[in-house]
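Colleague: Given chain S, put chains H and Y in place with the hints provided.
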Amino acid sequence: MTASPEKIRYRAEPSGALLIRPLDAMTLIYHRASGITHMVTEPVPEILEAMAGDALDAAELATRLSETFDLGGADDAAAIIADRLAELAELGLVSAVRG
Amino acid sequence: MSNPHGDASILVDALRDPETVRQLGSDGWTALLAIARAEQLIGSLAYRLEGQPMPGGVAAILEDARLNAEYQRRSALWEANRAAAALAGYDGKVVLMKGTAYVAADMKAGIGRHIGDLDIMVAEGDLPLVEEKLLAAGWEWVKEDEYDDAYYREHMHELPPLIHKERDRMIDVHHTILPKTARPKPDAEAMLEDAVPVNTVSPEPVEGRAISLSIFCPEDMVLHCTAHLIADGELDGGLRNLWDFHCLIEAMFASVMDGNEPPDPIWVHDQTLGPLYRRAKQHDLEAALRRAVRLADYCFRTCKSELALSDRLFLRRLLARNGYGQPTRKLTRLGFYIRSHWLRMPPFMLARHLWTKWRMGRKKSASDAG
Amino acid sequence: MQEFRLTVGPASFRLLSEWKKPLNQMRELYAEYPAADIPDFTVRLEAVNALRRFIRPSAAINGDYMLPDAAPLPIEQGLLALEMGMNLQMALGWRRQMILHASAAERGGKALIMTGESGSGKSTLSALLGINGWRFMGDEFALIDPVNGEAVPYPRLISLKNEAITAMQDGAADIRFGPLMKATPKGDIRHMVPPADAIAQMSKRANPALILFPRFGHDPAIRDMPPSETFMRLTQASTNYVALGEQGFEALTGLVQNVPARALDYRSGEEAMELVEKLWEELA
Chain S
1 MTASPEKIRY RAEPSGALLI RPLDAMTLIY HRASGITHMV TEPVPEILEA
51 MAGDALDAAE LATRLSETFD LGGADDAAAI IADRLAELAE LGLVSAVRG
Chain H
1001 MSNPHGDASI LVDALRDPET VRQLGSDGWT ALLAIARAEQ LIGSLAYRLE
1051 GQPMPGGVAA ILEDARLNAE YQRRSALWEA NRAAAALAGY DGKVVLMKGT
1101 AYVAADMKAG IGRHIGDLDI MVAEGDLPLV EEKLLAAGWE WVKEDEYDDA
1151 YYREHMHELP PLIHKERDRM IDVHHTILPK TARPKPDAEA MLEDAVPVNT
1201 VSPEPVEGRA ISLSIFCPED MVLHCTAHLI ADGELDGGLR NLWDFHCLIE
1251 AMFASVMDGN EPPDPIWVHD QTLGPLYRRA KQHDLEAALR RAVRLADYCF
1301 RTCKSELALS DRLFLRRLLA RNGYGQPTRK LTRLGFYIRS HWLRMPPFML
1351 ARHLWTKWRM GRKKSASDAG
Chain Y
2001 MQEFRLTVGP ASFRLLSEWK KPLNQMRELY AEYPAADIPD FTVRLEAVNA
2051 LRRFIRPSAA INGDYMLPDA APLPIEQGLL ALEMGMNLQM ALGWRRQMIL
2101 HASAAERGGK ALIMTGESGS GKSTLSALLG INGWRFMGDE FALIDPVNGE
2151 AVPYPRLISL KNEAITAMQD GAADIRFGPL MKATPKGDIR HMVPPADAIA
2201 QMSKRANPAL ILFPRFGHDP AIRDMPPSET FMRLTQASTN YVALGEQGFE
2251 ALTGLVQNVP ARALDYRSGE EAMELVEKLW EELA
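Protein chains in written order, with my numbering: chain S, 1 to 99; chain H, 1001 to 1370; chain Y, 2001 to 2284.
With the rest of the complex left out, here is chain S:
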C-alpha cells in the first residue's frame, strides 16, 4: 500500500552537496553528485534550507516554514509543499525516507 503523498518523509541532500547561487527571481543549484545545474524559484531554496539535515513530511515542513514565512492557509501550504517535494525527489535533490 502506498502512503498518502503528504505523509512521506524526505531528507534533503546534505548542504555540502549543493552549491546555491541566488541570481534574481531565480536561484541556481549545482548538484555535486549529478553534476546537474537546476534553475529554481521560491519556495525551493527556502524548502531546502528549512529541511536542514532532518527527515520531514510536508506538514512538518510547512510548520517549520511558517515560522519564517507567511504561508497563508496552512492545509493548502502542506499540499503545495508535498508536490514540490515529490518534484525535488525526482531530481534527486531530496530523497524519500519514509519508514
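If you're looking for bench data, these hints aren't it; they were derived computationally from the structure. Possibly wrong hints are sitting among the right ones.
To be verified - Have a look at the derived ranges for each label pair, beta carbon to beta carbon: (1) H:Pro1327 <-> Y:Arg2056: 16 to 26 angstroms; (2) Y:Phe2054 <-> H:Tyr1337: 22 to 32 angstroms; (3) Y:Pro2185 <-> H:Gly1237: 23 to 33 angstroms.
Unchecked claim - Pairs of lysine-lysine, BS3-like flavour, derived with a Cα cap of 30 angstroms: (4) H:Lys1165 <-> S:Lys7; (5) H:Lys1330 <-> S:Lys7; (6) H:Lys1330 <-> H:Lys1093; (7) S:Lys7 <-> H:Lys1133; (8) H:Lys1330 <-> Y:Lys2278.
For each residue, glycine too, the CB sits at the ideal point set by N, CA and C.
Modeller: Here is chains H and Y on its own, set in the frame of chain S:
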C-alpha cells in the same frame, strides 16, 4: 613525419610500461594520442602516465582527458543512482555492468575509463516489471522500427535501449551477458544469484526499503568482460576490453596472492585462480577465458605467454589502428565482422537477418530516391 | 595522406587529407598562424570509399572526435569540411576553457561577447568590428577561462554566409578571402582571413565587459537581460558546460553576475555597430 603504417602497439606499450613514453618524440606522442582517443583509452592512459615526464602540450591534453573521465564517472554513478530510485520496490537484484560497475566498486579497471550508456542486468522473467518502472520514471523508447524491436525481444540479451527524456542518457537492460542465439550459454541465473551488493551509488532507502544495487562477483566480472571481448562481436573497442580484462585479473590476483606478485608465466593461473576456471566452465566460456588470458598476458605483462596462431589473428585485429587514428587491416576487420554475426546466430537465422536488413536497406534507399 | 599543422589561439590541429587542394587552401589562408609541434587534435578528410576518391569525390569528416551520422561534403567544399572538423574537435574535446558558441571582440583590454542562433549575425558583426577599431577575437567560439573568467581569443578564419559575403567584399580592399563555395549545407560560404592584429595577438586575453544577444531583421531595440536568462541561454550556447562540472558552474555564474547583458535587435550592420558603440560607452 609520424609513421602512418604503424599499429596500436605504441598504446599497448605505454599502458603496460609507462616508462616507454620517455623515448617518444613529437611524432610518437602525436600518434599515441590519436590511437588512444580512437580506442577510447585516452582517459585510462592519462591516469596511467601520471608522474611521467612529458611535453607541456601532452600534459594539457591528458589533463583534459582526466577531467572528461571524471565527468563520465560522475554521470555514470548518477544514472545508476537514478535507476535504483526508479526501481524502488522491485525485489530482484539489479546488477550494474561494465564501466559503471568498475567505478561504483572503485576498481582499477574504472580509473579513467570511458563510460557511455548505463548497462544493468535483471532476471529475464522480471523484464516487463523493470521496463514498466523505468518508463514510469521518465525513460522512453529510442525510436526503433518494428523489425528491430521484435528482433531485440526475441533474440537479444537486452531490451531495446531506453533513453531518459530529461537527462538524455541511455540505459540498456540485459537479462544475460550474450545474445540468446550465441553459442556459449552463460548461466545467467547463477550470475544474478552470486552478485554482490555495491553501496556507493544507492540512494536513501525508499518507503522503508533499501535499494541495493549489485555488481557481479569477481569471477563473473572477469567472465562478462571475457564474453564481451572474445565471444561477442567484431572486436570494436577490443583493446579497451582487453585492458579492462587485464585490470580485473590483476585485481583478482592481488586479492588471492595477498599482495604478492602473480606467478609467471601466467598460465599457471589454473591452480591459483581455480574458482575462476571452474566458473568459466559453468558459463561455457573456458576457451574464451584462456584466449583472453593469453592475449592480455602478451600485451600487458612483461612475461609473455606463447600465442596460438589464431591468437595472432585476434592480436592483428586488436592492433589494427595507425598513427593517424585510422582503422587499418580491412580484411582482418571484415573477417571479424562476419565472425561476429556467425557467433551470434545459427546460420539459417543469420541468412534471414542479413536478408531482412538488406531488404530494409533497399526499401529505405528506394524511398529516399522517391 | 597530406598533412598541415596549425595553431589557433590556445588550440592546435593536425589536418590530414587524401586530397591536396583543400590543404593547400588552408596553408594559404592560415599562412600567418603558428605551426604546431604536438597538436591537440587530428582532423581527417577521407574518401567515403575508395571509388569516391576519384569519381564525384566525396569527403567524410573524421578525426579524434566524430559525429556518427555526419554527412560527407563534395571535395570542392573540402575547406569547409576541414573547418567543420576543427569546430567539432573543439566542441566535443576541448576542456581547458568553457566554450561558448559566440563571437568576440576586444577594445581597451575589455571583451565584448556576442551570442545567438545561426542567422543572428554574430559572426558578421565581429568581422565588422574587427575592421572598425576593435580587435577581432573570434567569430565561432568564445573561450572563458574557468579560473579567472578571462576571454581567450580563438581567431579562426571568419566564416561569411550569403549576403554577408558581398557586404564584406565591398567593405575593405586589403582583406584576403578563400574560395566562394556555393550551395553548401549552410548556404553560400566564403572564408575571410582575420585582420593582422587579431592573428598577431591571438594569445592576448581580455576581461569580458558586455554580453550581447544580437538578432538580425527586427526593428532596432535594446532589452535588459536578467542574469538568470543570460545564464540559461549561455548554457545552451556552451558545448562543454556540463562536462566542466563545478568549475563550469563557477565560471558561468561568475560571468553572468559580473557582466551586463543585453538583447539587441537590428536591421543592418551599420545600425548594429552604432548600437554596440552606444552600449559599450554606457556599460563597459
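Colleague: Look at each hint and say if it fits the structure.
Modeller: Consistency of the hints with the structure:
A hinted range of 16 to 26 angstroms holds for the C-beta pair Pro1327 (chain H) and Arg2056 (chain Y), which are about 24 angstroms apart. The beta-carbon spacing between Phe2054 (chain Y) and Tyr1337 (chain H), approximately 26 angstroms, falls within the hinted interval of 22 to 32 angstroms. For the pair Pro2185 (chain Y) and Gly1237 (chain H), the beta carbons lie near 31 angstroms from each other, so the given range of 23 to 33 angstroms is met. Distance check on the hinted pair: Lys1165 (chain H) and Lys7 (chain S) sit about 28 angstroms apart at the alpha-carbon level, within 30 angstroms; holds.
Between Lys1330 (chain H) and Lys7 (chain S) the CA atoms are separated by roughly 63 angstroms; this puts the pair beyond 30 angstroms, and the hint is violated. A C-alpha spacing of about 42 angstroms is found between Lys1330 (chain H) and Lys1093 (chain H), which places the hinted pair above 30 angstroms, so the restraint is violated. For the hint linking Lys7 (chain S) to Lys1133 (chain H), the alpha-carbon distance of about 22 angstroms falls within 30 angstroms, and the restraint holds. Taken as a hint, the Lys1330 (chain H) and Lys2278 (chain Y) pair is broken in the structure, with Cα atoms around 61 angstroms apart against an allowance of 30 angstroms.
When the structure is compared with the earlier hints, violations turn up for hints 5, 6 and 8 and for no others.
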